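*Asks:* Residues per chain, in single letters:
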Amino acid sequence: MRLPIFAATGSLGWLIVAIAATVIWALPLVLNDPFFILVLQSLAYLYIAAIGVDILVGWTGQISLGHAGLYAVGAYTSALLATKAGFPFWIGAPLGVIAAGIAGVVLALPSLRAKGPYLAMVTLAFGFMVEVTANRWDFTGGPMGIMAIPGPTLPSGAEMNATQYFWLIGGTALLVQMLAANLYHSRVGRTLFALQGSEVAAETLGINVYAWKVVGFVLSSACAGLGGVFFAHQNGFINSDTFVFGLSVQMLTSVLMGGTGTLLGPLVGSVILNLIPTVFAHLHEYHLYIYGGIILVTIIFLPKGIVGSLLLLRPIRRLLSKTNEGVPDASILADLGRSTGMTLSARGLSKHFGGIRALNNVDLDITPGTVHGLIGPNGSGKSTFVNVLTGIYRPTAGSVEIAGHQIAGASPHLMARMGVTRTFQSIRLFGDLTVLDNVMVGFHLGLRRGFFAHLLQTRGAVDEEAALRAKALALLAFVGIADRANDLAQNLSYGQQRLLEIARALAARPKLLLLDEPAAGVNPTELNHLATIIGQIKAAGVTLIVIEHHMELIMGISDTISVLDFGEKIAEGTAASVRADPKVIEAYLGAPSESMDA
Amino acid sequence: MDPIFVKIWQAVISGLSIGSIYALIAQGYYVTFITTATLNFGQGEFLMIGALVGLTCYVSLGLPFPMALAIAVVVTGLMGILLERVAIRPVIRHVLSHSWVLSTVAISIILKNAAVNVWGPEQMKFPSPFGDQVLKIGSAGIFPQELFIIVCAISTVLLVQLFLKKSLLGKALMAVANNRNAAAVVGIDVKRMVILAFMLSSALAGLGGILISPVTFAWAYMGTVPGIKAFAAAIFGGLENPIGILIGGLVIGLLEQLFGVINSNLKEGVTFLFILVMLAFRPTGLMGRRTIDKV
Numbered sequence: 020m021r022l023p024i025f026a027a028t029g030s031l032g033w034l035i036v037a038i039a040a041t042v043i044w045a046l047p048l049v050l051n052d053p054f055f056i057l058v059l060q061s062l063a064y065l066y067i068a069a070i071g072v073d074i075l076v077g078w079t080g081q082i083s084l085g086h087a088g089l090y091a092v093g094a095y096t097s098a099l100l101a102t103k104a105g106f107p108f109w110i111g112a113p114l115g116v117i118a119a120g121i122a123g124v125v126l127a128l129p130s131l132r133a134k135g136p137y138l139a140m141v142t143l144a145f146g147f148m149v150e151v152t153a154n155r156w157d158f159t160g161g162p163m164g165i166m167a168i169p170g171p172t173l174p175s176g177a178e179m180n181a182t183q184y185f186w187l188i189g190g191t192a193l194l195v196q197m198l199a200a201n202l203y204h205s206r207v208g209r210t211l212f213a214l215q216g217s218e219v220a221a222e223t224l225g226i227n228v229y230a231w232k233v234v235g236f237v238l239s240s241a242c243a244g245l246g247g248v249f250f251a252h253q254n255g256f257i258n259s260d261t262f263v264f265g266l267s268v269q270m271l272t273s274v275l276m277g278g279t280g281t282l283l284g285p286l287v288g289s290v291i292l293n294l295i296p297t298v299f300a301h302l303h304e305y306h307l308y309i310y311g312g313i314i315l316v317t318i319i320f321l322p323k324g325i326v327g328s329l330l331l332l333r334p335i336r337r338l339l340s341k342t343n344e345g346v347p348d349a350s351i352l353a354d355l356g357r358s359t360g361m362t363l364s365a366r367g368l369s370k371h372f373g374g375i376r377a378l379n380n381v382d383l384d385i386t387p388g389t390v391h392g393l394i395g396p397n398g399s400g401k402s403t404f405v406n407v408l409t410g411i412y413r414p415t416a417g418s419v420e421i422a423g424h425q426i427a428g429a430s431p432h433l434m435a436r437m438g439v440t441r442t443f444q445s446i447r448l449f450g451d452l453t454v455l456d457n458v459m460v461g462f463h464l465g466l467r468r469g470f471f472a473h474l475l476q477t478r479g480a481v482d483e484e485a486a487l488r489a490k491a492l493a494l495l496a497f498v499g500i501a502d503r504a505n506d507l508a509q510n511l512s513y514g515q516q517r518l519l520e521i522a523r524a525l526a527a528r529p530k531l532l533l534l535d536e537p538a539a540g541v542n543p544t545e546l547n548h549l550a551t552i553i554g555q556i557k558a559a560g561v562t563l564i565v566i567e568h569h570m571e572l573i574m575g576i577s578d579t580i581s582v583l584d585f586g587e588k589i590a591e592g593t594a595a596s597v598r599a600d601p602k603v604i605e606a607y608l609g610a611p612s613e614s615m616d617a
Numbered sequence: 044m045d046p047i048f049v050k051i052w053q054a055v056i057s058g059l060s061i062g063s064i065y066a067l068i069a070q071g072y073y074v075t076f077i078t079t080a081t082l083n084f085g086q087g088e089f090l091m092i093g094a095l096v097g098l099t100c101y102v103s104l105g106l107p108f109p110m111a112l113a114i115a116v117v118v119t120g121l122m123g124i125l126l127e128r129v130a131i132r133p134v135i136r137h138v139l140s141h142s143w144v145l146s147t148v149a150i151s152i153i154l155k156n157a158a159v160n161v162w163g164p165e166q167m168k169f170p171s172p173f174g175d176q177v178l179k180i181g182s183a184g185i186f187p188q189e190l191f192i193i194v195c196a197i198s199t200v201l202l203v204q205l206f207l208k209k210s211l212l213g214k215a216l217m218a219v220a221n222n223r224n225a226a227a228v229v230g231i232d233v234k235r236m237v238i239l240a241f242m243l244s245s246a247l248a249g250l251g252g253i254l255i256s257p258v259t260f261a262w263a264y265m266g267t268v269p270g271i272k273a274f275a276a277a278i279f280g281g282l283e284n285p286i287g288i289l290i291g292g293l294v295i296g297l298l299e300q301l302f303g304v305i306n307s308n309l310k311e312g313v314t315f316l317f318i319l320v321m322l323a324f325r326p327t328g329l330m331g332r333r334t335i336d337k338v
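Chains A and B supply the protein sequences, listed in that same order. Each number in my numbering comes from the position in the first sequence (counting from 1) with 19 added on. Each number in my numbering comes from the position in the second sequence (counting from 1) with 43 added on.
So that you can see chain B by itself, here it is in the shape it has in the complex:
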């Protein structure tokens, strides 16, 4: 196989795997945005917590990987509950309408500091439960972890959508998203649904963290950039279009890795450029709903 094709092929797999992580995080944005019109600007830090908690469980405590994954997800989910209580609920009907942006940023800063204090600032290796052996397909090599990520992340996204559309609890959540007062009137506990939304959103980020760290590193500063890139995915779909978000995540991941083949310096900047250009022309996202405000 031509070396450039090998590179492209590997970029596609890496792109899909990191992209599905973006989709996972972005789905977290979607869940809280539709229920409360807020999102967690520190979502990336929750990804980081998931990764580091998972690291501690899997490596330091030697627990089996599925258990480490479960614990990481549960811990971040619980932290999501805390986030809602501390950073969202006090400011949701506030004088400044963007208060929640800043309060969630504040939480993310505190979490970063906490992570540095507990785990230190260095990058740490997270051994993949599938081993470090590269799977050879033709002359292209991919990590089994990457395949696992793609499968796991995408199926989680679809499962969450199924939950939201088909289960009673999920429908209650969507009801709150649609019309808070109407949901309350029919007996849905809105406060509890909001807590559930944040729990779900943070758990998704935590899952993303523990999935991705064997491929990259696990460290205290790993979260901020993926958090923003996941937002690019959310913008692609528009914050209210879950399938658009999934596609957006994959597209962003692919774009990044493919640009990386051309020039690794471009890789970093392309997503941010994409966000800027996208929002310049479509302020509510590429596939987002165009709304006209009643004046």
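Bound conformation, chain A alone:
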């Protein structure tokens, strides 16, 4: 769940950071007990790892039952570098994090296309592989482990004591949280959440879904690895007994309990869950019952976790919701893709699904700057045609040329780069994001500031976001839903969701925009509004292909109409000529009965 809350930049944000830093400084001094200081250290590095889990599970929407493996890679790398190669902590630790990041890429590869239980199994298998390797490989010491791991040294040469080590871990945790918050509110977080919402839609907006999934995995594993590094140097000893499936479950549970996809969820969840063994030390025998019970109860009754459920409460949302008082920047409307030269020719285009010929040898030419209607009975291949044009399906045969380039088989995000984007017949919004954020995702291809600018929230990144927000508001005003900017996309009415999809697609500055049944389920008032909007988009210079069943609308707005039936083009021409064409009438209404005059 991603609400624009806690975007506490400016003085409030720094105040919170100052308070947190003070708490971190004061805690070990107040508690003053070596056991509790160790507990605090553990809380801190498990919290860092939990942030990592949330980036993968909460932001990117993947599952991970094997995070202990990433944690282990960080721990072992740093420990081995320290003991076998004599690297000081300050060098070995970052290398451990990098190693974990690389392991994250390795984990990402089989995870890219896997879904649901298959994905869960990939992560499970990964975790077990790491565990088995740690257990069986002489190099890692197996169950005997690695001993005499030195802790970090101060400039004076002395090793850090427990309190100082906690300050290091706690301070790092605070830093990681701040950086995570920066990413959360930036395009990075938004893109990862978009993947969760609809990979297909994200791809058509120019997002390279595979690459971004890998980004999610790398960020996640770097955090997990960092947690592991701190763990390794805590007690001077690690062995393979730690990095078991149970640890992965523990990490996942802490994030679930806190609330996936929220900024504070990992903190709340990991603190509570990791305090439980300390508080209930006498219940150690039953600790698996407790974990299992917590997962079950959380999943069934509190699926959004503690923080997530709290965020659902109206008063809290109102309190924390950022009001978007930005001034809309209407210059975007003049800036929509000028499609001169954007000719499209399809020749002999076919798409077969096994024995079904969804498209059969279709030739089509689109003139730039026009509205080209595409009609036909259900199942005639209209959506298939659009899917092939936008790269979602690979054509079985035939070619498509856009502005002189052969593009058949290009992926959707490449098509988006070329200026082709679309809306969907079954609405594919990023439901958990706000209306404004949905449009902001559409700006993906036009973003200039890179990852590090957003990580550190540089002036350039902040300015760019503000500028985009203004443009997004303008697009929302253009389609008529600016008043809903801060609502979650899934809470909009059906008609409004359709308009949002259009606004989002326009954000991608398409030269060719394909609308797949934009009027489906829309009432007459909304219909007129839609026709007006389409006219305005055309006036801005965008070429449109519109699939529709609503005859009045399509006849009214189209310059040319092509008719498909059973995957073949049966007619083409102006609205009037198509309306009178006997083949078209037959396709829709059937052949005239011969026995009429009997």
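If you are wondering where the hints come from, they were derived from the structure by calculation, not from laboratory data. Note that the structure is a prediction, hence the values are computed from the model and not measured. Just so you know, not all the hints are guaranteed correct.
Capping the alpha-carbon separation at 20 Å, the derived lysine to aspartate or glutamate pairs in EDC-like fashion look like this [what the hints assert, rightly or not]: (1) 208/B x 232/B; (2) 134/A x 283/B; (3) 323/A x 348/A; (4) 310/B x 584/A.
Since the structure of chain A is already known, use the hints to place chain B on it.
*Replies:* Chain B only, in chain A's frame:
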């Protein structure tokens, strides 16, 4: 016989026997996946329960083996019903679409704890009803239990397939698997079929447990790894291809044992590596159906 051939021959038999157990467990995955698009991530723990209940019946209570086997299977079947009620039904139409993964994992954790509390954490010997005498075929030795496993497990898999394809009840189950709403419309009690699916799935795991423990040990932690390896078998066939799953189980079992001949450390890791590589290239399984989503 050349000692290396003896080793390979023994590895083949062990591979087929453990492989047929994987196939048995995996068939449990298949049954629930086709009916509810979920599977029990704690299936391995049900294998463990079957083994330990069987152990108690056979060794502590001294019951004859067939009775112990029957009781183990029935108990795990009943637990499958409980699993469906507690971990599947509440989350099946849920906000998070993978809720059932986590709820079944939760159940498996609870079961592990329960097992440790009841039976303790140590590995326990399960005497084979066929005795510990090694059958000599040439200079290779195999345990009669292993042959029994192969015969019993494979015939169970085939029997279940027969049940699903030929019997009226089985066809009703397949109908629910195919199209839940259509099945309900023709009068099939969908809820009952789902319960049946989970009962069957868990009973299969329980059977696997009691079959395999005389060959390995019986203990509270015995289930997790076979559960995952059985999934590798399911992936091989693709979760909707029962014969593929059977072949997959045998192939995985063989791969493991044969790799073990080369290096026992490799044995552990090879299946997991296989899962990772397989899913990287074929996200729906080696022999699985490739589907294209309608957009």
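*Asks:* All hints, please: hold or fail.
*Replies:* Taking the hints in turn, this is what the structure says about them:
With a C-alpha separation of about 18 Å, the suggested pair residue 208/B and residue 232/B falls inside the 20 Å cut-off, and the hint holds. For the hint linking residue 134/A to residue 283/B, the alpha-carbon distance of about 15 Å falls within 20 Å, and the restraint holds. Taken as a hint, the residue 323/A and residue 348/A pair is broken in the structure, with Cα atoms around 36 Å apart against an allowance of 20 Å. Taking the CA atoms of residue 310/B and residue 584/A, the gap is near 57 Å; set against the 20 Å cutoff, the hint is violated.
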